[in-house]
Amino acid sequence: MKSELTVRSIMWGVVIALLPVFAASALVFGIRAIMAVLVTSAACVATEYVIQRFFLRRQPTVDDGSAVVTGMLLAFNVSIAVPMWQLVVGAVVAIGVAKMAFGGIGTNPFNPALIGRAFMTVSFPVHMNTWALPRDQLLSLGVDRATGATPLGQIADALQLGEPLSAIAADLPSHTELFLGTVGGSMGEISALAVLIGGAYMLYRRLIPLETPVVFLGTLALITGLFWLFDPDSYADPLFHVLAGGAMLGAWFMATDMATSPMSRNGRILFAAGCGLLTAVIRLFGGFPEGVTYAILIMNAFVPLIDNKLRPPRFGKGAAR
Amino acid sequence: MVAVKTFPMGGVHPPENKLTADSPIQVLDPPDEVSILLGQHIGAPAEPVVQKGDKVKVGTLIGEGKAFISANVHSTVSGTVKRVDEALDAAGFRKPAVVIAVEGDEWEDDIDRSPDLVTEITATPEEIIDRIKAAGIVGMGGAAFPTNVKYMVPEGKQVDTLVINGVECEPYLTADHRLMLEHTDEILVGIEVLRKALRVDRAVVGIELNKPDAIEAMTQGAERFPNIEVYGLKVQYPQGAEKQLIKAILDREVPGGKLPLDVGCVVNNVGTALAAYHEIQKNRPLIDRVVTVTGTSLSNRGNFLIRIGTPFARAIEAAGGMTDDVAKVIAGGPMMGKAVPDLSVPVTKGTSGILLLTKAEAEQRETVPCIRCSKCVEVCPVGLEPYLLEKLARVEYWEQSDEHDVLDCIECGSCTYICPSNRPLLDYIKVSKVKVHEMRRASTS
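Going down the list, the protein sequences come from chains A and B.
Anchor point for the first sequence: position 155 equals 191 in my numbering, and the numbering is continuous, going up by one each time.
Anchor point for the second sequence: position 135 equals 382 in my numbering, and the numbering is continuous, going up by one each time.
Be a bit skeptical, because a hint or two may be false.
Here are the simulated lysine to aspartate or glutamate pairs, DMTMM-like style, with alpha carbons at most 25 Å apart [what the hints assert, rightly or not]:
hint : chain 1 : residue 1 : chain 2 : residue 2
1    : A       : K345      : B       : E650
2    : A       : K353      : B       : E658
3    : B       : K638      : A       : E40
4    : A       : K345      : B       : D655
5    : A       : K38       : B       : D571
6    : B       : K575      : A       : E40
7    : A       : K353      : B       : D655
8    : B       : K606      : A       : E40
9    : A       : K38       : B       : E613
10   : A       : K38       : B       : E625
11   : A       : K353      : B       : E625
12   : A       : K38       : B       : E610
13   : A       : K353      : B       : D407
14   : B       : K481      : A       : E40
Calculated directly from the structure, the hints in this document are not laboratory data.
Please take these sequences and the hints and turn them into a complete structure.
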């Protein structure tokens, strides 16, 4: 007897969960966002197909939907300002290097979309750090659009200039704007609401464990909150940190990646806490305004160790008469 | 009012498919020939005490269980012993068997065949245990472990509770359900018999909540038995696994490698309680059992009271017969049962169900790579890591398999059921268990 659950139903379920994020991105950034998602998804699928068909000489399994998930997440992780050819390069690295070189689905130690993004950040720093502002972009196909710093970038810039946050408070987006997504940022990180809708769907379908996003965001809020209480002029409030940047997208869609997160519940809690901690540390003290990508990638590296040390509690251990 | 209880970790909820829950037990007449296995139970096979040409009646002893863990076997029909030979069992192994050509239906004289309920228990605890052994009673839930052995409590162990398993968590199976509805009082007296044998003051019965009528009947019946408590349990597979059941009802955890005895319990199936009633109160050894013969393709599927030794083919015929679209016949339920190699295999004391699956139902999806979804870890009721045990088995790392407690696996099959990559996790784990046992034996000898 078999349950209805299949790899296909899981992966296409995640694709469905990403649709609200896709919709928010299209609403805010326009047609170009739709094109970007189509390009990265097609490039990921094509890369996987070519490697399986011609290099490994195996029956391609691209219909399982996992390459589409990577493609969509890659687009959601980068700026709308990135040219299409760079997106293709990112997709080839994500699938070709981060996934297939390690043996394909389930065997990759690092999140492929984040590896693609990290590769693009160092290879194409100009475009990767040009953030389009969301206003009046809907019909613009080119990259000649209004640009500016992301909310996290605004804070980093202010602190570098030695200005207290109260001085730029008027320029920062409100929590409501951050929640809805009418702010600058990467294609998928802008709307916390859209991520939450997708996350709720995945919880309902039992595609992700609740503990990962809750502990990730909770740890981030806890640490940033402590610093904010101590010095609100130098540190943004915890809700701002949860809603701004890629924390929501990362906590719900990337730290929950099955292949690259721990197998036991205890392990996932530690993993998620590490993601939240590293995100906070990079944001508060690092050279980048945003730290979600590297936080998750660093924690990915610890997964084998975590799996080895944090095992599920066994039935009958510690039982008392 | 019954309290809702369940076990704490893991478990799945497969479609229940209790197609025969409303079918009253039908008596299946003896076939022309029975093939009664001498090894129907866990432990050493019984030794034959009849020869070719001997005349036997229903209830005549034909095999004697001489080893410590073994069980007697009785003739389930009247007629002539055709041969003492071997026959295929449901798992495909050749086992010693007594084949009897059926003539009439004559019973041993001392068996009380009247339907009258006998409630007064005159046998002493020692007598009960001896007679349970004599009657060849084994666990009727499927494992077929000789019941008397469970009642020989080693010195130093204290037992305070008898746990009766009426959970029937396997999909499709409804034999215990019907027994509890149609033989409520006999089962309750049977529980009292077992309780007396065990010398405990408390007996608890666990029944899954998908059988409200059985819970109702047993609860009402138990009002006359102050030492018996009935509990409704959450519908969650494997609620009927011994250790999970004890945890659910009594909140006691049996450690890996230990027995229910170690936490003060003995667990028996409701069918076993009925068998104990029959022997102790009616002098009737274990000669038949209720088997759920089911499947979507069967027109007359139902619950049949079948003489042990009856071929599967005969039971299937009574339930509507084989059709072309049947791909698999399973002995037991769909989660833990095994596909039988041939329809000539006989019903045994442990046969709880005969399940026919059509080609569409039996279709295997392709096995694809593990995606580390961790569902197998989540559903394991023992807290094992099936994905890891599979990996270790594939590279034959038996020491590591042992370290990762592969022997604690209760083989419920929840991991294989849930795996989205369709990996045969339990198959690998079963191989590991055999290898680890071999390894341990080799290192101690």
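Distance restraint between A:K353 and B:D655, which requires alpha-carbon spacing of 25 Å or less: holds (11 Å)
Satisfaction of hint between B:E625 and A:K38, Cα-Cα up to 25 Å: holds (16 Å)
Restraint check for B:K606 with A:E40, where alpha carbons must lie at most 25 Å apart: The hint holds at about 17 Å.
Hint consistency between A:K38 and B:E613 [alpha-carbon to alpha-carbon, up to 25 Å]: Answer holds: A:K38 to B:E613 is near 12 Å, not above 25 Å.
A:K345 paired with B:D655 [C-alpha distance capped at 25 Å]: Measuring from Cα to Cα gives roughly 20 Å; hence the hint holds.
Hint consistency between B:K638 and A:E40 [alpha-carbon to alpha-carbon, up to 25 Å]: holds (24 Å)
Pair hint outcome, B:K575 versus A:E40 [Cα-Cα no greater than 25 Å]: holds (20 Å)
Distance restraint between A:K38 and B:D571, which requires alpha-carbon spacing of 25 Å or less: Holds: A:K38 and B:D571 sit about 23 Å apart, inside 25 Å.
Restraint status (C-alpha distance of A:K353 to B:D407 at most 25 Å): holds (22 Å)
Hint consistency between A:K353 and B:E625 [alpha-carbon to alpha-carbon, up to 25 Å]: holds (17 Å)
Agreement of A:K345 and B:E650 with the hint, judged by alpha carbon distance not exceeding 25 Å: With Cα atoms ~13 Å apart, A:K345 and B:E650 stay inside 25 Å; holds.
A:K38 paired with B:E610 [C-alpha distance capped at 25 Å]: Judged against 25 Å, a Cα distance of about 10 Å means the pair holds.
Violated hints: none; the structure is consistent with every hint.
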